[in-house]
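Undergrad: The chain contents come next:
Number of protein chains: 2
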Amino acid sequence: MRGHCGLILLAGLAAGCASAPSAELPQPTPHRSMSQVLAEAPDSDWVLADPADLVFMELDSGTVVFHLAEAFAPAHAANIRTLVSEGYFDGLEVIRVQENYVVQWGDGAEEGSAAVRSLGSAAPNLEGEYYRSADGLVITPLGDADAYAPQVGFAHGYPVGSDGEHAWLTHCYGMVGAGRGMEADSGNGSSLYVVIGHAPRHLDRNVTLVGRVLEGMEHLTTLPRGTGPLGFYEDPAQRLPIRRVRLGSQIAPEHRREFELMRTDSRSFEDLIEARRWRREDWFIDPVGHVGLCNVPLPVREKV
Amino acid sequence: MRGHCGLILLAGLAAGCASAPSAELPQPTPHRSMSQVLAEAPDSDWVLADPADLVFMELDSGTVVFHLAEAFAPAHAANIRTLVSEGYFDGLEVIRVQENYVVQWGDGAEEGSAAVRSLGSAAPNLEGEYYRSADGLVITPLGDADAYAPQVGFAHGYPVGSDGEHAWLTHCYGMVGAGRGMEADSGNGSSLYVVIGHAPRHLDRNVTLVGRVLEGMEHLTTLPRGTGPLGFYEDPAQRLPIRRVRLGSQIAPEHRREFELMRTDSRSFEDLIEARRWRREDWFIDPVGHVGLCNVPLPVREKV
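Protein chains in written order, with this note's numbering: chain Z, -13 to 290; chain E, -13 to 290.
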């Protein structure tokens, strides 16, 4: 079971022995580790997030910070900004936690009841922003296969799929989406979810992704799972209150936290993909030679 | 942005328009939904799990049940059976919870200290069981691409990768592995982990997978994340005690819970893959036409 070919296979050097695809890929030289890439990234490889694209959701346990994907879902981002700035989410709740799937928050009041909160000046229905034109979009390719999309890579700080003509955000861990009903235009950003399990990529292009969590995932992933259908909390008392939600742009500059995202069109990010594809840390027996779209970290740092 | 081609693309019928790969796949007829497949699966498409392959780990919050992959890691399965039957895990603890990665349990005592628990008659070092021969292994193919392995599918109830000559278990959500140190033979099954995030497939063939969780993932995934390096709990008081761990075969038949796993070489399972590849539920706008290895559920039912 661990013969000659096997050992060679594990080392990713199987040429002439087994058909290990890692053998066919040229290993980039010189190689930098992920920590080296992060330490050496010049400031020009980072981009300051627009405070109007940052959403701070305060829970009893801490704050979840997420970023709005203006480049992919501008109408949803605008509607969410309206909802947040008018205080729509303040006092609403996390209403659904489904194991290996999503956490969802919004208005838990029964549909059509008098308790349903007004959307204020936000639009009640938005066309789905399931994909955009690939024209003019610089996609840094992953360089490995994907089960769901003919081409995958990264653009504007996000994991994307593409068919060459269109590009779309993908449901990786930590991505934030806008729930919708049966109709394609029934979402509006008032009910949001975040992916907390293995990427449910079948949702790609079926529901509008609006952004991604930058910080505080653990405040959502550790919540008790709902025992109702689809992980909804059966007893309203189980719901987790949302204290307050604010945009970065609503916060005075001297109190505002600022975040920088690594540019996915930078040399640093290309090297980071390679550092994740080829695992040369001493612990690894097989250097792997491959990487999945949702396995590449998207570095974020707080600007201090 | 939502022109004619786009709408057709979303419907998965893009022939002659965009290069959507879903268009190239023949949709199987007739199509059954996942709930239909489960409801209609004949008894012959289920297999009773050997009670000696079932591990019941009792925590304060409930019981985690996992299954040992005898077909892929027989030496580790045997060592774990020895450890469990001699009470090795009773009173040990969950020592590590890393966000979007793993929960790990075992002996938290400082290495080399007098507090380290004896392994009893279990082996202290096992050769890694990183893969096995593909000879004689019936693999039900996934039928979609994978970033990490040239071929992927299912065998003996598990997700597997293969190069035609070897086959190996893959790090999907809920898979259980045996931690190891720097040496390839430094694992023994006394320190176990379960995947709680997006599949860390770079670990495939680098560490021995020993089984998968059948029930009770939520008792592990909701634990507070460790704040030390790699998600280890910094304060021993944060560790979660393990009350007791038993094999199914240690429990008297009248008190024993029994589980049936859907056979992955069955017609029902093939149809289930198709039901997950083609999403024809009314909610879906795009029927997808693809499925990832770790996105196919592996049905389990309790025998009552």
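Just so you know, not all the hints are guaranteed correct.
Stated by the list, open to error - Label pairs and their computed distance ranges (CB to CB):
1. E:A38 <-> Z:D221: 36 to 42 Å
2. E:D36 <-> Z:G129: 40 to 46 Å
3. Z:S172 <-> E:P37: 26 to 32 Å
If you are wondering where the hints come from, they were derived from the structure by calculation, not from laboratory data. Glycine included, every Cβ here is placed at the ideal spot set by N, Cα and C.
Undergrad: If a hint holds in the structure, say so; if it does not, say that too.
TA: Structure-based check of each hint:
1. E:A38 <-> Z:D221: 36 to 42 Å: The hint (36 to 42 Å, Cβ to Cβ) holds, given that A38 (chain E) and D221 (chain Z) are roughly 40 Å apart.
2. E:D36 <-> Z:G129: 40 to 46 Å: holds, 42 Å
3. Z:S172 <-> E:P37: 26 to 32 Å: Between S172 (chain Z) and P37 (chain E), where Cβ atoms are some 49 Å apart, the hint is violated.
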